[in-house]
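Peer 1: According to mature numbering (1 follows the signal peptide of the UniProt record, and there is no 0), the residues represented by the sequence shown are -21 to -1, 1 to 298, in order.
Just so you know, the hints here were simulated from the structure itself, not pulled from any lab data. We put the CB at the ideal spot given by N, CA and C, even for glycine. All clues given are correct.
Here are the computed distance ranges between Cβ atoms for each label pair:
id, residue 1, residue 2, range
1, 58, 250, 36 to 46 angstroms
2, 230, 285, 17 to 27 angstroms
3, 40, 185, 38 to 48 angstroms
4, 124, 239, 31 to 41 angstroms
5, 275, 179, 28 to 38 angstroms
6, 207, 129, 29 to 39 angstroms
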Amino acid sequence: MKRHLLKIFLFVFCLSAFTFGNEEKCATPSHIGQKTVCTYANGRPIVIDVYFPTKKGTAEVADSCWELPPIAHDAPMPNHRLPLILISHGYGGARNEQIWLAEQLALAGYIVASLDHYGNTWKDPTPQGMIAMWHRPQDVSVAIDYLTTASPFVDAIDSSNIGFVGFSVGGMTGLWLAGAEVKSLEALHHFAGESSEKVVESIDFQEGMHSFRDPRISRFVLLAPRASEFTPESLHKIESPMLVIYGTEDTVLPPHEHALTISPAQTIALPQAGHFVFLNPVTEQGKQALSPALWEGNEERPLFHRQVSQEIILFLKLN
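Start from the sequences, fold in the hints, and give me the full structure.
Peer 2: Spelled out as structure tokens, the structure:
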């Protein structure tokens, strides 16, 4: 399992390392605004990219290994309240790895907050952060606190209408927030892998056995989620509407061990799709830097993304 997690970490590290390049201004107006804000959870910084619909501002496209949409960083914030969607990245990932989805959600009228889980990103990994997955649901709850009470978006967010999207271990984050319960301390210890005894002893694994349910989140979308650490009973008892989307060829988190164990969630299978289909498409720059195995099926990603975006937006509207 640890080997799979390391593969995810190394993949996203390599891919994301090229993301923050130079930006070129475009002449066309953007319909997506974006601002970056930050808060703290137990001394840990939580950096959040907030996307929102706009028809003002100058569009900018980053020079990146990701295919990115034009985004207006100078756009004014919405002057009316909109529903909020939180996005949680995968293991060792980054807040920018699902911009394809943030774009479509913003265009559909949502404020989208995609956050970094400090210590569990490619940019700032820490020994504790790569093990203590239960910090992640706490990050999301703190982000909601901040966004709805103290951020520049207070007057633009409908705090009674909050949803969540999580990819991979981000899906595990969502299950915690929905009320799922961990099987045992041993299940959490799996994340320690070959970490040093000193690091393991510095972590309070008992904390991960607590409930992290956040009733403010009314519906959940999980993309190729990790789920094997949770008890079947608690997964069956989840009452919030939940949509699970997975690739039939996912060998990182096989669906029969993870996605398909989450009942009674609504499920959608993507035929012939693997685990990383839910990341942004890769540019030619990215292809030159990465092993072909890491962007296999890249040409089909936009098609999958259009389908997934439509399904997610429909689910959010109906729930």
